[in-house]
Amino acid sequence: MSIRVFGVVAAIAMMMSGAAGAKTLVFCSEGSPEGFNAALYTTGTTFDASSRPLMNRLVEFKRGTTEIEPGAGLASSWTISEDGTEYTFKLREGVKWHATKTYKPTRDLNADDVIYTFNRQWKPDAQDHGLSGGTYEYFNSMGFPTLLKSIEKIDDHTVKFTLNKPEAPFLADLGMDFASIMSKEYSDAMNAAGTPEKIDLEPVGTGPFQLINYQKDAVIRYRAFEDYWGDRPKIDTLVFAITPDAAVAYAKLLAGECHLIPYPNAADLAGMKEDPKLKVMSKPGLNVGYLGFNTEKEPFTDKRVRQALNMAINKPSIIEAVFLGTGQVAKNPIPPIMWSYNDAVEDYPYDPQAAKALLAEAGYKDGFKTDIWAMPVQRPYNPNARRMAEMIQSDWKAVGVDANVVSFEWGEYLKRSVQGEHQSILLGWTGDNGDPDNFLYTLLSCDAAKDGVNRARWCHEPFDKLVLEAKIVSDEDKRSELYEQAQVVFKEEAPWVTVAHSTTNKAMRTGVQGFVIDPFGGHYFDTVELSE
Amino acid sequence: MIRFTLTRLGLLIPTFIGVTLLTFALIRLVPGDPIEMLVGERALSPERHAMYRAQLGLDKPLLVQYGIYISDVLSGDLGRSIVTKTPVLDEFAALFPATIELSVCAIVFAVVIGLPLGILAAVRRGTVFDYATMGVSLTGYSMPIFWWALLLILFFSVNLGWTPVSGRLSVMYYIEPVTGFMLIDTLLSDEPEAFWSALRHLILPAVALGTIPLAVIARMTRSSMLEVLGEDYIRTARAKGLSPLRVVGVHALRNALIPVITVIGLAVGVLFAGAILTETIFAWPGVGKWLVESVRRRDYPVLQGGVLLVASVVMGVNLIVDLLYGLINPRIRHRR
Chain A
1 MSIRVFGVVA AIAMMMSGAA GAKTLVFCSE GSPEGFNAAL YTTGTTFDAS
51 SRPLMNRLVE FKRGTTEIEP GAGLASSWTI SEDGTEYTFK LREGVKWHAT
101 KTYKPTRDLN ADDVIYTFNR QWKPDAQDHG LSGGTYEYFN SMGFPTLLKS
151 IEKIDDHTVK FTLNKPEAPF LADLGMDFAS IMSKEYSDAM NAAGTPEKID
201 LEPVGTGPFQ LINYQKDAVI RYRAFEDYWG DRPKIDTLVF AITPDAAVAY
251 AKLLAGECHL IPYPNAADLA GMKEDPKLKV MSKPGLNVGY LGFNTEKEPF
301 TDKRVRQALN MAINKPSIIE AVFLGTGQVA KNPIPPIMWS YNDAVEDYPY
351 DPQAAKALLA EAGYKDGFKT DIWAMPVQRP YNPNARRMAE MIQSDWKAVG
401 VDANVVSFEW GEYLKRSVQG EHQSILLGWT GDNGDPDNFL YTLLSCDAAK
451 DGVNRARWCH EPFDKLVLEA KIVSDEDKRS ELYEQAQVVF KEEAPWVTVA
501 HSTTNKAMRT GVQGFVIDPF GGHYFDTVEL SE
Chain B
1 MIRFTLTRLG LLIPTFIGVT LLTFALIRLV PGDPIEMLVG ERALSPERHA
51 MYRAQLGLDK PLLVQYGIYI SDVLSGDLGR SIVTKTPVLD EFAALFPATI
101 ELSVCAIVFA VVIGLPLGIL AAVRRGTVFD YATMGVSLTG YSMPIFWWAL
151 LLILFFSVNL GWTPVSGRLS VMYYIEPVTG FMLIDTLLSD EPEAFWSALR
201 HLILPAVALG TIPLAVIARM TRSSMLEVLG EDYIRTARAK GLSPLRVVGV
251 HALRNALIPV ITVIGLAVGV LFAGAILTET IFAWPGVGKW LVESVRRRDY
301 PVLQGGVLLV ASVVMGVNLI VDLLYGLINP RIRHRR
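These protein sequences, in sequence, are chains A and B. Residue numbers for the first sequence follow my numbering, beginning at 1 and rising by one. Residue numbers for the second sequence follow my numbering, beginning at 1 and rising by one.
Warning: the hint list may mix true and false statements.
What the hints assert, rightly or not - Quick look at which bits of chain B chain A covers, simulated, 3 or more residues with Cβ under 8 Å:
#1 23-32
#2 65-79
#3 145-158
#4 170-182
#5 242-254
#6 272-283
To be verified - Far from chain B, by Cβ distances over 12 Å, these chain A residues were calculated:
#7 Lys160
#8 Asp227
#9 Tyr381
#10 Arg387
Unchecked claim - Straight-line distance between alpha carbons at most 20 Å, and here's what the computed EDC-like set of lysine to aspartate or glutamate pairs gives:
#11 A:Lys216 - B:Glu293
#12 A:Lys216 - B:Glu176
#13 A:Lys450 - B:Glu47
#14 B:Lys85 - A:Glu202
#15 B:Lys60 - B:Glu47
#16 A:Lys198 - B:Asp90
#17 A:Lys450 - B:Glu41
#18 A:Lys216 - B:Glu227
#19 B:Lys85 - A:Glu529
#20 A:Lys123 - B:Glu47
Read the hints as simulated data drawn from the structure, not as lab findings. Just so it is clear, the structure is predicted and the values come from calculations on it, not from any experiment. Glycine included, every Cβ here is placed at the ideal spot set by N, Cα and C.
Hey, can you work out the whole structure from these sequences and the hints?
Encoded structure:
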């Protein structure tokens, strides 16, 4: 018996060290995926387990950046028409699909798959549209139903998308997880077999890994896909050990039961950096945490009040206390790693005296009473909104503004703030597609003020003109220029206090090589090597 | 006995109605709905929000929703998860064996350690051993599971490296579920050495979950033993010249066990509550972790169905304990 136990222990030790046999990488993922079809969901946890290892998009980003890399996805090249409404994609040839226990693909990727993928999400009468609940939230929130005019097959390996109006961020949208290409042949086969639900439960993709099995809430297992069209992954088996508690994930990392943990507690980072068996990788995240003023309500209708309250806040001390040093002061509404970031913009200095003077000038010599809304949950861009609100409250008190901190349950918080019930609100954003449009238009345009995502309810014509024009122009330099100007207007008008961009931290065993932090928050393992 | 059984069964009906009504109402009293959880920071137009609500049947009046729910439940349909779209019953059936396995091991641990401790403490009443046992069991009883579990992990798994940190089985094995009980499935599989891995994974969670019942059982056994040891028939037994082992082990223990069995039966409810925390910490893929996750996602069908199923199991176990109690102790059965 004891020999057997010893054998198992030794086998585990060998497994973890990767000294012999198949190389297995264990990722302590933070939660269970909601399903395996990314188009149906909106969370990074689900994308990490589905679209990222298993699927490909027409276009993909250069790993670790927000830039589209020509040829990195399933489209080997593309052309955009002069007026910016026609996108023609040439598909890569010889792209193989995964097989499952009950299905063997007979053909490679072709144009039918692309059309099937988008039609399913778009047209109510399309094949599989109603399958698995049929809610395609990202497809809708990126505005695809109104944007798309038609998708046509030119030949087996050429697809043309026609848009109703020019939309420069369209290409970046196609790199998002919801746009992962699915197999029409698989869908046909499963529908014919009377088991359409398998399409979303036992996914068939073109990605670097294929799914072996999923034990609900416990373990997801993948195998490197030998026929992958790109470089075969350097590891043989990829395992997601679902571990919701960050402290337990840290313990597993220490014990060698997993190689990488996605969201270490900020308080544990110092200890991890000192441990010779571990290493920590850090990178600025693609996000912004802000305090938005409701510009439809007195006294925030007055630009001077907004500027004064900007000057009253001591941001560096917030970064220290709330982010425990894992963040940086934000001066623009977009993060510095995004193209068109305007570094020439100057932030409001921390100057309570000047703030007081400006408030007096605006007619609020004795200050006023207001509310600060604080989120009840941790988000990547704000680990502790309550604490942040209290610090702002005390900073504002020093200039005579008496603020009351308000909070609601998360769903309620989002709903009420869309309806504009707040006076000032803490919130933030994590980028979806790396395009500045996804921050500046999505969060600050007049359209966004109408539907409520623009929590400042700020509709400023000069700013709006710039971000609308940048949507139509397809020349990237020109677009960048427009966005840089928009950031200047934004700073002057001060609808937000831009508080922070948080840093992303990943902790791993020192033997993990080649992991790249993805600005969109994804975890990709096809380039990772184990040398422990 | 039949009459007694029927009365006990009859009592289940109001309990069942109470449980469905409570879970249904409580979940809807919590602000936020599944749709808002799905979209997060991006706002949803009122039309799309209304469309989703209609799709999930949340647009109907609450009373109508409850009516539909109850009639579905009575016809055996607990609905589908809003998130994963799989039937609630299937998910429960897949996860419940893990919870049973953990709970049974926790109870076995609690009884095997708790019972002898309680007996010894009673026999050696007033000694250092008695005080120490009772002191430690009081500490065990008041220990927050969350903290205790993390402490166990840090000591046994991280410092000593004796047990795995979390999970149910080493990731190097894949065992096709047959019974759903890992200890049995591993033995049935062609990799029987996986059994040891499954066993090692069970130790810490079972200890963490079993600590509170252990403390209760030890204290209950002690006080019940003390009561019995003062009875006349014990003095008679001793006077007859029976060995102390026989007096304590047979004459005293059999009578002292009756209240202890009740306590063990009642502990099942407590165990399920504890399992929610234990499973979350040890990443144990059971029903507790599943329910916690569905609260966060406002997955109404899973919460309603899951709580109902867990409540049914607790009711069932209590019924069995009641009936057993009647068998062991005729005084209960014959009382009107």
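Q | Non-conforming hints, listed in increasing numerical order | A | Of the numbered hints given earlier, those the structure breaks are 2, 5, 9, 18 and 19, listed in rising order.
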